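K.L.:
Below are the chains, spelled out letter by letter.
2 protein chains.
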Amino acid sequence: MSDTPFRQVTIVGLGLLGGSIGHAVQAFLPGTTVVGWDADAGVRAQAAELGLAHRIAESAETAAQGSDLVIFCVPVGAMDAAARAIAPGLSKDALVSDVGSSKETVAAALAEALPGHHVIPAHPVAGTERSGPDAGFATLFRNRWCIVTPPADADPALSARLVAFWEALGARVETMDAAHHDKVLAVTSHLPHLIAYTIVGTASDLEQVTQSEVIKYSAGGFRDFTRIAASDPTMWRDVFLSNKDAVLEMLQRFTEDLTELQKAIRKGDGDVLFDHFTRTRAIRRGIIEMGQDDARPDFGRSDHNGAKESAG
Amino acid sequence: MSDTPFRQVTIVGLGLLGGSIGHAVQAFLPGTTVVGWDADAGVRAQAAELGLAHRIAESAETAAQGSDLVIFCVPVGAMDAAARAIAPGLSKDALVSDVGSSKETVAAALAEALPGHHVIPAHPVAGTERSGPDAGFATLFRNRWCIVTPPADADPALSARLVAFWEALGARVETMDAAHHDKVLAVTSHLPHLIAYTIVGTASDLEQVTQSEVIKYSAGGFRDFTRIAASDPTMWRDVFLSNKDAVLEMLQRFTEDLTELQKAIRKGDGDVLFDHFTRTRAIRRGIIEMGQDDARPDFGRSDHNGAKESAG
Numbered sequence: 073m074s075d076t077p078f079r080q081v082t083i084v085g086l087g088l089l090g091g092s093i094g095h096a097v098q099a100f101l102p103g104t105t106v107v108g109w110d111a112d113a114g115v116r117a118q119a120a121e122l123g124l125a126h127r128i129a130e131s132a133e134t135a136a137q138g139s140d141l142v143i144f145c146v147p148v149g150a151m152d153a154a155a156r157a158i159a160p161g162l163s164k165d166a167l168v169s170d171v172g173s174s175k176e177t178v179a180a181a182l183a184e185a186l187p188g189h190h191v192i193p194a195h196p197v198a199g200t201e202r203s204g205p206d207a208g209f210a211t212l213f214r215n216r217w218c219i220v221t222p223p224a225d226a227d228p229a230l231s232a233r234l235v236a237f238w239e240a241l242g243a244r245v246e247t248m249d250a251a252h253h254d255k256v257l258a259v260t261s262h263l264p265h266l267i268a269y270t271i272v273g274t275a276s277d278l279e280q281v282t283q284s285e286v287i288k289y290s291a292g293g294f295r296d297f298t299r300i301a302a303s304d305p306t307m308w309r310d311v312f313l314s315n316k317d318a319v320l321e322m323l324q325r326f327t328e329d330l331t332e333l334q335k336a337i338r339k340g341d342g343d344v345l346f347d348h349f350t351r352t353r354a355i356r357r358g359i360i361e362m363g364q365d366d367a368r369p370d371f372g373r374s375d376h377n378g379a380k381e382s383a384g
Numbered sequence: 073m074s075d076t077p078f079r080q081v082t083i084v085g086l087g088l089l090g091g092s093i094g095h096a097v098q099a100f101l102p103g104t105t106v107v108g109w110d111a112d113a114g115v116r117a118q119a120a121e122l123g124l125a126h127r128i129a130e131s132a133e134t135a136a137q138g139s140d141l142v143i144f145c146v147p148v149g150a151m152d153a154a155a156r157a158i159a160p161g162l163s164k165d166a167l168v169s170d171v172g173s174s175k176e177t178v179a180a181a182l183a184e185a186l187p188g189h190h191v192i193p194a195h196p197v198a199g200t201e202r203s204g205p206d207a208g209f210a211t212l213f214r215n216r217w218c219i220v221t222p223p224a225d226a227d228p229a230l231s232a233r234l235v236a237f238w239e240a241l242g243a244r245v246e247t248m249d250a251a252h253h254d255k256v257l258a259v260t261s262h263l264p265h266l267i268a269y270t271i272v273g274t275a276s277d278l279e280q281v282t283q284s285e286v287i288k289y290s291a292g293g294f295r296d297f298t299r300i301a302a303s304d305p306t307m308w309r310d311v312f313l314s315n316k317d318a319v320l321e322m323l324q325r326f327t328e329d330l331t332e333l334q335k336a337i338r339k340g341d342g343d344v345l346f347d348h349f350t351r352t353r354a355i356r357r358g359i360i361e362m363g364q365d366d367a368r369p370d371f372g373r374s375d376h377n378g379a380k381e382s383a384g
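Protein sequence lines correspond, in order, to chains S and X. Positions 73 to 384 (this note's numbering) are the ones given, in order, by the first sequence. Positions 73 to 384 (this note's numbering) are the ones given, in order, by the second sequence.
It is worth saying that the hints were derived from the structure and are not from the lab. Just so we're clear, the structure is a prediction, and the values are computed from it rather than from any experiment. Among the clues, some could well be false.
For identical chains, the list gives no copy identity; a pair is met inside one copy or between any two copies.
Unchecked claim - In the DSS-like style, the derived pairs of lysine-lysine whose C-alpha atoms are separated by at most 27 Å in a straight line are:
no.	residue 1	residue 2
1	339	164
2	335	164
3	316	339
4	288	316
5	288	164
6	316	164
7	335	288
8	288	339
Only chain S is shown next, with the shape it has when bound in the complex (with noise of 0.2 Å):
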């Protein structure tokens, strides 16, 4: 595999995912041209004055002339009007991809908008509580997971050119369907900020605790969560509406698990809990073994180091 996969890359969607991309893309393959675009012109002043490209295209139906590598970094619920409008300027040669958090819904749009094209999808499992184009930072994928997932049809050379332009950034990638890709973040990320965003919305409605109170004291469990929901809301909105069956169920079998604890706590029964709470260990011990969440210092950025305390 050569060093640079793809020799020009246009970014459509200069967010912190897109952002991230163009700095990275600068520093890791200095053999690849960012060409970059957004639809919101403000965006596109920012992204220039801060150099997440290249050059920023001056048209949607130019931004994607001369690339093999075409990267859509909107929310997933407008993939279907990025496509539609960067499609003039795409190369049948052209690799398409994404960077959405649901998948088989962006592989049906991208698919649809642009028939006759290349499309692999993929999802970098990265970000932080930040958006917009100054939230974007060149580490942002380091040793974080990408997974990519190829259609049934997709030309194997044009997949493995994607995994070395995601390795070349940083991340450990992962191929799998799309469906299945859907049900693991179903449940590892997508019921997680579910749950954050509405216990934080039934925290900031209660009349007996006042908001300063909760804010005062978050730091007993509710602080972890307020970080997931302050997540980017057009993002998540979308990430609901694509992956709602997943979602769903996901949401489902939660909801009779909580049922079942809420169960044993009106009636007094510790046994049921103490046992769920034992249970649950296992993963965590999982997830330090397998180096998911440590103390070394370059796991995370320094930048976003902080306290991890959960105090009762």
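Keeping the supplied structure of chain S fixed, place chain X upon it in accordance with the hints.
P.N.:
Relative to chain S, chain X alone:
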């Protein structure tokens, strides 16, 4: 206020909290003698080795002898037995306190077990996912809130000494009544823990997604829940049983809110989702503005710093 609000403190229960108090008193209140006691002989031996106290008492009956402060650092459900065990050695002038996460039940249990004694419960909102005598450290309480809940008939001078004690250990102290404490903590701590325990259990029971996949892709949001759900099972069982009414009330509200979002997903109502997700960002901003979560290196402990990305 003197530099040593208490001449001798007995710590009953030498786990994470008790051990940390032992370290902290020795570090920050050099004029105070620390006596340790734990019902478990193995823990007593370990505590002696770790130097959690100046001396480990030889029996429960003598543990409180000569102390003007006795702090119970045992699970909420074990307060009663621990109080009765040390009662023989307890002076009528000594102040009795604790570190439990629910306060109305504890206040009642201690008052009943130790009639005629001064009882002022407290709750340092601090902890880590680790437990046991070797998990403690002197700076656990630094810049963390400690909520003191004096009963209506408490001696104000004793309250003031307890406040001074916690401030000397680095905590920021607030005073409120026990019932209000229990409502505040039900939402900022107990409900988040219950939710986290639930979702981690749900994830580990799936058939279509393997446990190793859940662990591998946990950076998408799930990881933060596992950290919370790794807390001590005995402690948390007791918290839910002892703060049952407040927890069930918060849980009821949470379930209503979750049902609303579930319905929005099922109906494909993006506006409801977007509005909700936008609203929850305000709480997060409040937490950052109040300095309850930031990048100052001394806010958390350096050995527990780590990544806090939330990734889709």
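K.L.:
At most 27 Å between CA atoms: does that hold for residue 316 and residue 339 within a copy, between copies, both, or neither?
P.N.:
between (34 Å within a copy, 10 Å between copies)
K.L.:
Which holds for residue 316 with residue 164 at a C-alpha limit of 27 Å: within a copy, between copies, both or neither?
P.N.:
neither (32 Å within a copy, 63 Å between copies)
K.L.:
Between the shortest in-copy and the shortest cross-copy C-alpha distance, which are at most 27 Å for residue 335 and residue 164: within, between, both, or neither?
P.N.:
neither (59 Å within a copy, 41 Å between copies)
K.L.:
With 27 Å as the alpha-carbon cut-off, assign the pair residue 288 and residue 164 to within, between, both or neither.
P.N.:
neither (56 Å within a copy, 35 Å between copies)
K.L.:
Between copies, within a copy, both or neither: which fits residue 288 and residue 339 at Cα up to 27 Å?
P.N.:
Neither. Shortest intra-copy (32 Å) and inter-copy (36 Å) distances fail the 27 Å Cα cut-off.
K.L.:
At most 27 Å between CA atoms: does that hold for residue 335 and residue 288 within a copy, between copies, both, or neither?
P.N.:
Result: close neither inside a copy nor across copies, 30 Å intra and 32 Å inter.
K.L.:
Please sort residue 288 with residue 316 into within, between, both or neither, judging by C-alpha distance up to 27 Å.
P.N.:
Cα proximity of residue 288 and residue 316: across copies only (23 Å, versus 35 Å in one copy).
K.L.:
Go through the copies and call it for residue 339 and residue 164: within, between, both or neither, with a Cα cutoff of 27 Å.
P.N.:
Intra 64 Å, inter 37 Å, cutoff 27 Å: neither.
When the structure is compared with the earlier hints, violations turn up for hints 1, 2, 5, 6, 7, 8 and for no others.
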